[in-house]
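Residue 219 is where the sequence shown starts when you use the working numbering, and the numbers rise one by one after that.
It cannot be assumed that every hint is accurate.
[As the list claims (entries may be wrong)] Derived pair list, reagent style DSSO-like, types lysine-lysine, alpha-carbon separation capped at 27 Å: (1) Lys225 x Lys256; (2) Lys262 x Lys225; (3) Lys268 x Lys256; (4) Lys225 x Lys314; (5) Lys274 x Lys314; (6) Lys262 x Lys274; (7) Lys274 x Lys256.
[Claimed, not checked] Here are the simulated distance ranges between beta carbons: (8) Ala260 x Gln311: 15 to 25 Å; (9) Gln265 x Gly299: 34 to 44 Å; (10) Ile226 x Asp278: 37 to 47 Å.
FYI, nobody ran anything at the bench for these hints, they're computed from the structure.
For clarity, every value in this text was computed on a predicted model and none was experimentally measured.
We treat Cβ as the ideally placed atom computed from N, Cα and C, and that holds for glycine.
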Amino acid sequence: MVSNNIKIETFFVHDDGQYFPNNNHLSVIVYRQVFDSKTVSASKWEQLFKENNFGKSWRDGIFSFHHYHSTAHEALGCYGGRAQVRLGGDNEQVRKDIEL
């Protein structure tokens, strides 16, 4: 079930001084290749998220506009396909673009 090839990336997205009060103290953590996609179904991903108190999950897509959560922690999982995600807003000095 769990992959032997897990890759972990961490980075900070700093306050952009305008719209997004990003956190200078808590890093973004990206875990890559956590599950063996041949043995873990999308339903199993959803079950694992729920078991770890990440409720209200959905499938197929993320917002195409910038937004932030002032009182929440967010976890994203990419079961199949690809996703381009921009974290931190449009300011080139602070934003981080990642591909999932």
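Verification of the hints:
1. With a CA separation close to 18 Å, the supplied pair Lys225 and Lys256 stays within the 27 Å bound.
2. This hinted pair checks out: Lys262 and Lys225 have alpha carbons roughly 20 Å apart, not beyond 27 Å.
3. Taken as a hint, the Lys268 and Lys256 pair is honoured in the structure, with Cα atoms around 21 Å apart against an allowance of 27 Å.
4. Between the alpha carbons of Lys225 and Lys314 the distance comes to roughly 18 Å, so the proposed pair stays at or under 27 Å and holds.
5. The straight-line distance between the Cα atoms of Lys274 and Lys314 is roughly 25 Å, inside the 27 Å bound, and the hint therefore holds.
6. Taking the CA atoms of Lys262 and Lys274, the gap is near 15 Å; set against the 27 Å cutoff, the hint holds.
7. Restraint check for Lys274 and Lys256: the C-alpha separation of about 25 Å stays at or below 27 Å, so the hint holds.
8. At roughly 36 Å, the beta carbons of Ala260 and Gln311 sit outside the given window of 15 to 25 Å.
9. Roughly 20 Å separates the CB atoms of Gln265 and Gly299, a value that falls outside the hinted 34 to 44 Å.
10. The hint said 37 to 47 Å for the Cβ distance between Ile226 and Asp278, and at roughly 26 Å that hint is violated.
Comparing the model with each earlier hint shows violations of hints 8, 9, 10; every other hint is respected.
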